[in-house]
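Undergrad: As a plain string of letters, each chain reads:
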Amino acid sequence: MKSKALSTLAGLFAGVLLLCTSPAQADDSLTAVLAKKSIALGVASDFPPYGYMGPDFKLTGVDVATAQLIADKLGVKAEFVPVSTPNRIPYLQTKKIDLIVSALGKNAEREKVIDFTVAYAPFFQAVFGPKALSIKSFADLAGKTIAVTRGTIQDDVLQQMAPPTLKTMRFEDDATTVAAFISQQTQLLATGAAVAAAAIQKNPQVQAEYKLLLKDSPNFIGVRKGETALLNRVNEILRAAKADGTLEAYSQKWLGRGTGVLPD
Amino acid sequence: MIEFNFSVVLAQWPMLLRGLGLTAALTAASALLGSLLGTACAWARLHGTAVLKQVVGGYVELVRNTPFIIQLFFIFFGLPSLGVRLSVEVACVLAMVLNLGAYACEIIRAGLLATSRGQIEAAMSLALTPWQIFSRVVLPPALARIWPALVSQIVIVMLGSAVCGQISAEELSQAANLISSRTFRSFESYIIATLAYLALAVALRQLLNWAGPRFIFVSR
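Protein chains in written order, with my numbering: chain P, 47 to 310; chain C, 1233 to 1452.
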């Protein structure tokens, strides 16, 4: 009885703390999650093999498994929140989610607004196009049209590296971006290897293949700026999972190849 | 507490301005062509042959009972499989014209139906041709009657053009989206986009309310 009252009090206290938390105040990120007994995890629901709806209508994939692992190790309930590529960082900033586990790459702009854990899965982005088109370098992109998802690393890299005559057409999510390429509204497609592989496999008529590496960018978990306690705990969990082969097994199961060397 | 920082968003003003320009251009083109299409369809539904009435009726019901974004996706992603590949801007204008045309048809038809029988009989007794009766006697007062409803519909289509960003048209909402994903200042970006749409809508309404009685139909 006494302990229940105490834990209610602790919960209330944590709730009040949560309400008046600001970056300048003490970091209670980990205790808040533990007190709440659940963690809101932003995962993709349309991004196989990282986060997607399985045939049984349950979320599955490398990201979902990793997110579940973190919740299990923290001893709290995993609450999955489907996020899209453009909205995941705003969701984290506005506290709709506690962690981004959705094939998130690391770059300088993002590091200004959120923190990153160690890497947990491999990923690379590239330009894909029909066999008939010869693309050997960024200069070959001149005068072409390319479909890309807005706000992704591919978008940034193209913006910086591609000649200005490349016509970049930006779409809201990967499904629309791929649709634009498959319906031949664009000549080229810039996306993650996994997405492209699935799209090319399902649409053999476009005769598409890998053309140009944009970025080798492993996936990291995004944490709100300043929530160091939570960040450190998640890093511990990930390092342990890397050491005992759990992450390697996830990678083998969903990506069909090992994690390779993941940056720590 | 959310801290606002509008300066990083406003620093991207050329992109916002281009977006605003494209939204205005898409609206202007589709308002003009859509109203003409609507008028033609309204005439067809009242005076056309039986087959024409069926065809136009089918088009109107098809458009009014399906979402705009599906119509847009059909034109942009679907038509290429039939060998019709349109540029983004043409696809947007086409979708908006077809959309406005269907709604304008019903609005204008209501205005035409409200013309009193006596007026038409008077025109006939003056030996005016059917075309003269339609264009001189029936249409101008009909447009005057339904003008506020038509203006509202045009404003709705203008606001609906925000969806065109989904097929990569770099209109106002796409510009706001792009700025938001580059600066991570989403709230500020959307506040600015909201104000820009509001200003555009108010201006458009004022313009049409001013121009209608002077150029489209002469109010008495």
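Simulated from the structure, these hints should not be mistaken for lab results. As the structure is a prediction and not an experimental result, all values here were calculated from the model. Every residue gets a Cβ at the ideal spot worked out from N, C-alpha and C, and that includes glycine. One thing to keep in mind: the hints can contain errors.
[Said to hold, decoys possible] A short, non-exhaustive set of chain P residues, derived as facing chain C with CB atoms under 7 angstroms:
id	residue
1	PRO128
2	PRO136
3	ALA221
4	SER229
5	GLN230
[Stated by the list, open to error] Away from chain C, derived, C-beta distances all over 10 angstroms, residues of chain P:
id	residue
6	GLY100
7	ILE135
8	ARG216
9	THR305
10	LEU308
Undergrad: For which of the previously enumerated hints does the structure constitute a violation, in increasing order of number?
TA: 1, 3, 7 and 8
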